[in-house]
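Chemist: Spelled out, the chains give:
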Amino acid sequence: MDLLSHLALGFGVALTPVNLLYALIGVVLGTLIGVLPGIGPVATIAMLLPTTYALQPVSALIMLAGIYYGAQYGGSTTAILINMPGESSSVVTCLDGHQLALKGQAGAALTISALGSFFAGTVATILVASVAIPLSELALKFGPAEYFSLMVLGLIGAVVLAHGSLIKAIAMIILGLLLGIVGTDVNSGVARFSFGVPELTDGIGVVTVAMGLFGFAEIISNLEVSQKREIVAAKIKGFFLTKEQFRKAWPAALRGTGLGSVLGVLPGGGAMLSAFASYTLEKKIAADPSEFGKGAIQGVAGPEAANNAGAQTSFIPLLTLGIPENAVMALMVGAMTIHNIQPGPQVMTSNPALFWGLIASMWVGNLMLVVLNLPLIGMWIKLLQVPYRILYPAILLFCSIGVYSINNTNVDIMLTVFFGLIGIIFVKLDCEPAPLLLGFVLGPMMEENLRRALLLSRGDPTVFFTRPLSLVMLLMAATLVLIIVLPNVRKTRAVAFQEEA
Amino acid sequence: MAVVRSPKDLVAGLMFIAVGTLAIVISSNYTLGTAARMGPGYFPRILGILMIVLGAIIALRSLRVAGPPLPGWKWRPVLVVLGSVITFGLVVNSLGLVVSTILLILMSSAASTEFRPKEAAISGVLLAALAVGVFVIGLKLQIGIWPGSR
Numbered sequence: 001m002d003l004l005s006h007l008a009l010g011f012g013v014a015l016t017p018v019n020l021l022y023a024l025i026g027v028v029l030g031t032l033i034g035v036l037p038g039i040g041p042v043a044t045i046a047m048l049l050p051t052t053y054a055l056q057p058v059s060a061l062i063m064l065a066g067i068y069y070g071a072q073y074g075g076s077t078t079a080i081l082i083n084m085p086g087e088s089s090s091v092v093t094c095l096d097g098h099q100l101a102l103k104g105q106a107g108a109a110l111t112i113s114a115l116g117s118f119f120a121g122t123v124a125t126i127l128v129a130s131v132a133i134p135l136s137e138l139a140l141k142f143g144p145a146e147y148f149s150l151m152v153l154g155l156i157g158a159v160v161l162a163h164g165s166l167i168k169a170i171a172m173i174i175l176g177l178l179l180g181i182v183g184t185d186v187n188s189g190v191a192r193f194s195f196g197v198p199e200l201t202d203g204i205g206v207v208t209v210a211m212g213l214f215g216f217a218e219i220i221s222n223l224e225v226s227q228k229r230e231i232v233a234a235k236i237k238g239f240f241l242t243k244e245q246f247r248k249a250w251p252a253a254l255r256g257t258g259l260g261s262v263l264g265v266l267p268g269g270g271a272m273l274s275a276f277a278s279y280t281l282e283k284k285i286a287a288d289p290s291e292f293g294k295g296a297i298q299g300v301a302g303p304e305a306a307n308n309a310g311a312q313t314s315f316i317p318l319l320t321l322g323i324p325e326n327a328v329m330a331l332m333v334g335a336m337t338i339h340n341i342q343p344g345p346q347v348m349t350s351n352p353a354l355f356w357g358l359i360a361s362m363w364v365g366n367l368m369l370v371v372l373n374l375p376l377i378g379m380w381i382k383l384l385q386v387p388y389r390i391l392y393p394a395i396l397l398f399c400s401i402g403v404y405s406i407n408n409t410n411v412d413i414m415l416t417v418f419f420g421l422i423g424i425i426f427v428k429l430d431c432e433p434a435p436l437l438l439g440f441v442l443g444p445m446m447e448e449n450l451r452r453a454l455l456l457s458r459g460d461p462t463v464f465f466t467r468p469l470s471l472v473m474l475l476m477a478a479t480l481v482l483i484i485v486l487p488n489v490r491k492t493r494a495v496a497f498q499e500e501a
Numbered sequence: 502m503a504v505v506r507s508p509k510d511l512v513a514g515l516m517f518i519a520v521g522t523l524a525i526v527i528s529s530n531y532t533l534g535t536a537a538r539m540g541p542g543y544f545p546r547i548l549g550i551l552m553i554v555l556g557a558i559i560a561l562r563s564l565r566v567a568g569p570p571l572p573g574w575k576w577r578p579v580l581v582v583l584g585s586v587i588t589f590g591l592v593v594n595s596l597g598l599v600v601s602t603i604l605l606i607l608m609s610s611a612a613s614t615e616f617r618p619k620e621a622a623i624s625g626v627l628l629a630a631l632a633v634g635v636f637v638i639g640l641k642l643q644i645g646i647w648p649g650s651r
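Going down the list, the protein sequences come from chains A and B. Residues in the first sequence are numbered consecutively from 1, following my numbering. Residues in the second sequence are numbered consecutively from 502, following my numbering.
Don't read these hints as lab results, they were simulated from the structure. Just so you know, even glycine gets a beta-carbon here, dropped at the ideal spot from N, CA and C. Fair warning: there could be bad hints in the mix.
What the hints assert, rightly or not - Not everything, but these chain B residues come out facing chain A in the computed CB check (under 7 Å):
#1 V512
#2 A524
#3 T535
#4 I559
#5 P572
#6 K575
#7 V579
#8 L583
#9 I587
#10 T588
#11 V600
#12 T602
#13 A622
#14 S624
#15 L642
As the list claims (entries may be wrong) - Mimicking DSS-like on lysine-lysine, the simulated pairs with C-alpha atoms at most 30 Å apart in a straight line are:
#16 A:K428 <-> B:K575
#17 A:K294 <-> A:K284
#18 A:K382 <-> A:K294
#19 A:K103 <-> A:K248
#20 B:K619 <-> A:K382
#21 A:K294 <-> A:K283
Chain B on its own, in the form it takes in the complex:
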């Protein structure tokens, strides 16, 4: 029974193998062609094979060469930060830049362990004004300012 010496590399290797396999499976729907007349499936398949080979080497090496353990995974920053950006993306069209900016700032600030609601609210209002000034008035981006203004 082999012992994993470098768990990071094992996971990375497996990830590359999976991506390579996926690339080959999907591109099997595209015409392969010949070397002289490559179809759309030729280059992706080469890359897929390379990806699997490299992934396999990385995964196998992880059994031999020692490496650091897998680091922990903290969900709070990941979910809060990405969640606040998703929310911004969903509402910016309908609610306008001001409301979505304040929402984004309030939500994303909560990812920090030093979250202070009042400070975040002030910062949100100031940044909303700045964003409107710079992006809508200054750079003339096509973004609505208030709810329903677009």
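Just chain A, same shape as in the assembly:
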């Protein structure tokens, strides 16, 4: 069977000592930043991206991917123990997880979240591996018109499913697209929007944008509020679930895995959306919904499985179509680009060891995470006691070194500071930075495909509507926008994301 031989190739790559080491580094860092509130996977991956330059491409991607799904595990620990989401995707875990902890059942909550996550990670790995080939084959049939429409769909989908004002998010995408075309135009050689700065003729690096908007801006807005963090770390008595809890938890984890796997593939999906959706589902179908918010084990099992499944299946559009669907995936595009790998359907055929190695490493990484999270839980709790006033200067330092090391010039540092300042303004104006980053990464690709599509059609813009696949994708994008402006959906969407604030 084909899938098995591919996975065998993948495990052959993922199980080499050096790749095991980088997977371990990735998941440890991921757990670390997942546990610590105030720094997320986007800033961390941006910080480490430049330092992966010297690594083998596959090791680099394995490590960076580990940070993303590792953060899903770590985030739940903080949520359960101190009622504070370590990651945005573990917001809902606070609701019931911490209630369980207060009842002295923190161990049970941690166990189900780790095992549920592991189960979800395993299923998602198999899913990624099995849909990769057919999707890539489909994508290889795409012409420039289809690609352009696919990007429109991807970008619209990303903002429809995300939170906040839809129209502002679309404006942020456009702003991102504009930033993306800074630099030398490949067709004419004209340096666009370079403002006479020679470094800008090479374009702006994705690391500078991400680090400024996500890293610096977040630190500054954290500092504006008081940093008192209450550690009510509940005692952990045992890691075992009662029979009754187990009976309730496993179907929830199963449903969470299914829901997360599907939502993860959708543009704008990924860990956070999956967790929210799963919590809502569990509450709806529960025999006794009033348990929720008071320590329902399903409220932990479902979302925790879902966020991990979603984190992993969000790699599918990136690996098969070359389209990132959330901010983390946008950075993965950056990581592939610095290693001269053009993300897209051809990666699987031109670089099979990298492709299958990355997929296999996700399962290996998940296994490591179970080991890391359960027995070593005490270590992570200790870390939570490091006050923010010591933590944030260290984060700033690693950010600065990371940015500096891209080109060894301080121009990049100044640019990052500039984006940090803009990021703060965005925070103040409730403008989400994630759509900007997606637009930024897709900008050059979108322009290129628009140009080619219209060149082939001799300037006839109807080409996007006359090619069936392209039309379908544009119609889907239009439907998404319509759905969201209908009042009913808008209301539920507001409810689903209100805890975010």
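Let chain A serve as the given structure and place chain B on it in line with the hints.
Modeler: Just chain B now, kept in the frame of chain A:
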């Protein structure tokens, strides 16, 4: 006289209009071309127009739909955090990683309301050692360690 119901949206809308206008003004220097043969100025101008239209809708909506007021702006974290990073960028080449790390940590720690100089100094020294170990020795980044070593 219209009343602003959502000041955040008004400012955001105006910001988008300004960026869109700037994009169109700058890209008017680039060849436009035709749809079939786009010049470097074609796509930016489309984006600029979209940006202005969206900005205008957001700004106009702010007169109708109510929203939260503009939040306050605290200068201390902004200036101290960004200032310490700028300083790091300016001195890292000449003074090396150790000195610039300690400078960055000391300066940026002052942004917190719970600033403790002694603690920051210890943390700076430890982090300098860690940074040298990880980035220069471990990852072999081309950064000088001491003043004048590059």
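Chemist: Confirm or reject each hint.
Modeler: These are the hints, each one checked on the structure:
1. V512: Result: holds, 6 Å to nearest chain A Cβ.
2. A524: holds, 6 Å
3. T535: holds, 6 Å
4. I559: holds, 6 Å
5. P572: holds, 5 Å
6. K575: Result: holds, 5 Å to nearest chain A Cβ.
7. V579: Check passed: Cβ of V579 of chain B comes within 6 Å of chain A, closer than 7 Å.
8. L583: holds, 5 Å
9. I587: Nearest chain A Cβ about 6 Å off; hint holds.
10. T588: violated, 10 Å
11. V600: violated, 13 Å
12. T602: Holds. Min distance 6 Å.
13. A622: violated, 11 Å
14. S624: Since the shortest Cβ distance to chain A is 5 Å, the answer is holds.
15. L642: For L642 of chain B, the interface hint holds, since the closest Cβ of chain A sits about 5 Å away, which is under 7 Å.
16. A:K428 <-> B:K575: It holds: about 11 Å lies between the C-alpha atoms, which stays within 30 Å.
17. A:K294 <-> A:K284: holds, 15 Å
18. A:K382 <-> A:K294: OK: K382 of chain A and K294 of chain A at ~26 Å, within 30 Å.
19. A:K103 <-> A:K248: holds, 18 Å
20. B:K619 <-> A:K382: holds, 22 Å
21. A:K294 <-> A:K283: holds, 12 Å
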